[in-house]
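*Asks:* Turn these sequences into a full structure, and let the hints steer you where they fit.
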Amino acid sequence: MDAVFRALADPTRRQLLDSLHERNGQTLNALCEQMDMTRQAVTKHLAILEEANLVTTIRKGREKEHYLNPVPINEIADRWIGKFERGRLNALSDLKKRLEREEP
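Each residue of the sequence shown is one higher than the one before, counting from 176 in our numbering.
The reader is advised that the hints may include incorrect statements.
Below are the DSS-like pairs computed for lysine-lysine, each with C-alpha atoms no more than 27 Å apart in a straight line [unchecked claim]:
1. Lys258 <-> Lys235
2. Lys271 <-> Lys239
3. Lys258 <-> Lys239
4. Lys258 <-> Lys272
Taking CB as the label site, the calculated pair distances span [what the hints assert, rightly or not]:
5. Met210 <-> Ala266: 34 to 42 Å
6. Thr213 <-> Glu277: 38 to 46 Å
7. Arg234 <-> Lys272: 38 to 46 Å
8. Lys272 <-> Gly236: 39 to 47 Å
9. Thr202 <-> Ala266: 16 to 24 Å
10. Ala184 <-> Asp211: 16 to 24 Å
11. Asn204 <-> Asp253: 31 to 39 Å
12. Leu264 <-> Phe180: 14 to 22 Å
13. Asn204 <-> Ala266: 13 to 21 Å
14. Thr202 <-> Pro245: 36 to 44 Å
15. Ala266 <-> Ala205: 35 to 43 Å
16. Glu240 <-> Arg276: 31 to 39 Å
In case anyone wonders, no lab produced these hints; they're calculated from the structure. All C-beta atoms, glycine included, are put in the ideal place defined by N, C-alpha and C.
*Replies:* Structural data, given as structure tokens:
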């Protein structure tokens, strides 16, 4: 679980996960197009996400497709958020979303 928290602590890795959430099964080239960094840097971030089991890959010919694995995040949610009253948290989350939609 520590590896998951360490992986999620970095904004670049969260951006990669968001990208895979939007469109799963992307190649390294596709992911690099969206990032403002070198291919090597993206590869290092993906390796950390793979170590944390947040990303899995499938080899297709010469390329690997990267897929989001939401299971570790769900396990964290079950363990940490499940301890608290989900109803209250959902109500607060809904209120926050409504307030953010309102214009000042």
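*Asks:* Work down the list of hints and note, for each, if the structure agrees.
*Replies:* How the hints compare with the structure:
The hinted pair formed by lysine 258 and lysine 235 fails the criterion: a straight-line CA distance of about 41 Å is larger than 27 Å. Of the pairs offered as hints, the one joining lysine 271 and lysine 239 is violated, with about 39 Å between alpha carbons and a cut-off of 27 Å exceeded. Our distance criterion of 27 Å between C-alpha atoms is broken by lysine 258 and lysine 239, whose separation comes to about 38 Å. Simply put, lysine 258 and lysine 272 have alpha-carbon atoms about 23 Å apart, close enough for the 27 Å limit, and the pair holds.
A hinted range of 34 to 42 Å holds for the C-beta pair methionine 210 and alanine 266, which are about 36 Å apart. Restraint check, threonine 213 to glutamate 277: a C-beta distance of roughly 41 Å satisfies the suggested window 38 to 46 Å. Between arginine 234 and lysine 272 the beta carbon distance is about 40 Å. The supplied range of 38 to 46 Å therefore holds. As the Cβ distance of lysine 272 to glycine 236 is approximately 43 Å, the hint placing it in 39 to 47 Å holds.
One distance hint, 16 to 24 Å for the beta-carbon pair threonine 202 and alanine 266, is violated here, with the actual separation near 41 Å. Judged by the Cβ atoms, the range 16 to 24 Å given for alanine 184 and aspartate 211 holds: they are separated by roughly 19 Å. Checked against the hint of 31 to 39 Å, the C-beta distance between asparagine 204 and aspartate 253 comes to roughly 35 Å, which is consistent with it. Between leucine 264 and phenylalanine 180 the beta carbons are some 19 Å apart, a value that agrees with the proposed interval 14 to 22 Å.
One distance hint, 13 to 21 Å for the beta-carbon pair asparagine 204 and alanine 266, is violated here, with the actual separation near 43 Å. Distance hint for threonine 202 and proline 245: a CB-CB separation of about 20 Å, inconsistent with the stated range 36 to 44 Å. Between alanine 266 and alanine 205 the C-beta distance comes to about 38 Å, which sits within the given range of 35 to 43 Å. Judged by the Cβ atoms, the range 31 to 39 Å given for glutamate 240 and arginine 276 holds: they are separated by roughly 35 Å.
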